[in-house]
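If you're matching positions, the sequence shown starts at 1 in the UniProt record's numbering and goes up one per residue.
Bear in mind the hints are in silico, worked out from the structure with no lab data behind them.
For glycine and all other residues, C-beta sits at the position ideal for the given N, C-alpha and C.
Heads up, a few of these hints could be off.
To be verified - Simulated restraints on C-beta separations: (1) Asp247 <-> Ser196: 35 to 41 Å; (2) Gly192 <-> Phe171: 18 to 24 Å; (3) Asn85 <-> Glu62: 22 to 28 Å; (4) Glu139 <-> Lys205: 37 to 43 Å; (5) Glu223 <-> Glu83: 39 to 45 Å; (6) Asp243 <-> Asp146: 15 to 21 Å; (7) Thr69 <-> Glu223: 48 to 54 Å; (8) Gly178 <-> Pro64: 33 to 39 Å; (9) Glu217 <-> His140: 30 to 36 Å.
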Amino acid sequence: MKKQINLYLVLSLIICIMLQSCKKDEKQTEKIEADTLKPVPSDTASAGEYTEMNDEPDENVEYPEKGKTAKDFAPYPYEIQYEANGDLNSDGLSDAVIVLTFVTDNKVARPMLVLLRQKDNTFRLDKISKITFPIEYNEHDFKFFDTEDIDITKGKLNINLYSIGPSGNIFAGFKYMGNDLVLTDIEGNFRGAGGSTTINYDYSKGEITTSETNTMEEDMPTETKTEKTKKTKHLFENTSIVDFFNDAE
């Protein structure tokens with residue numbers, strides 16, 4: 001009888017151990033499944049969630065009216081390529097002019113912005129031109145001008161473009177006349193086979209002067225002709241300096 005009781009106790013103990021082991025395996029399986037099905041953290045984008053980046057320049061991009069620094073006026077995907085500082089409107093405060101470039105395309109227009117400094121040391125956007133500064137490259141990846149720079153000297157915005165190729169050299173100046181930023185002078189130097197041409201426009205005199213040099217002759221004679229032109233205000237926002245002389249014809 002005692003042997004039967006002992007056998008019964010042993011069998012009961014074995015069954016209890018097996019039941020406990022099964023429960024433990026079930027819990028581990030549930031934990032593994034739970035870990036496997038754990039949701040993706042909120043800072044990780046799912047396969048169908050992405051931000052589409054536009055690789056085309058926005059013709060209707062909006063610039064802020066005011067900003068603390070010049071960078072505040074360069075909305076993505078534009079960035080500042082050139083910047084000049086100096087007093088443009090004769091108020092004793094240092095203003096800024098910036099040229100923007102589209103970060104993914106160098107064959108599109110480069111907006112030029114005039115920022116006037118305020119007494120609270122912020123900037124106010126005063127002028128925008130999409131045509132004054134030229135496009136950098138053509139569709140064949142040819143750079144129009146080898147060197148480009150801008151500066152503000154004695155209240156005048158100067159734009160200087162240099163090229164040893166067919167684009168020539170172009171130097172233009174703009175000054176404030178009242179609330180208008182006006183082209184005061186522009187010079188173009190162009191070289192070709194057998195000669196070179198220099199054209200100067202002077203707003204104050206209302207004159208265009210053209211000088212033709214014959215480089216085929218030893219003494220390289222030059223003929224100069226000055227013509228009166230209509231004294232028109234060529235406003236910064238509407239003036240392309242690379243097309244100026246073509247448009248004036």
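These are the hints, each one checked on the structure:
1. Asp247 <-> Ser196: 35 to 41 Å: Violated, since Asp247 and Ser196 (Cβ atoms, about 22 Å apart) do not stay within the stated range.
2. Gly192 <-> Phe171: 18 to 24 Å: 19 Å, holds
3. Asn85 <-> Glu62: 22 to 28 Å: Given a distance of about 24 Å, which is inside 22 to 28 Å, the answer is holds.
4. Glu139 <-> Lys205: 37 to 43 Å: 39 Å, holds
5. Glu223 <-> Glu83: 39 to 45 Å: 40 Å, holds
6. Asp243 <-> Asp146: 15 to 21 Å: 19 Å, holds
7. Thr69 <-> Glu223: 48 to 54 Å: 50 Å, holds
8. Gly178 <-> Pro64: 33 to 39 Å: Hint violated: Cβ distance 25 Å, outside 33 to 39 Å.
9. Glu217 <-> His140: 30 to 36 Å: With Cβ atoms ~35 Å apart, the hint holds.
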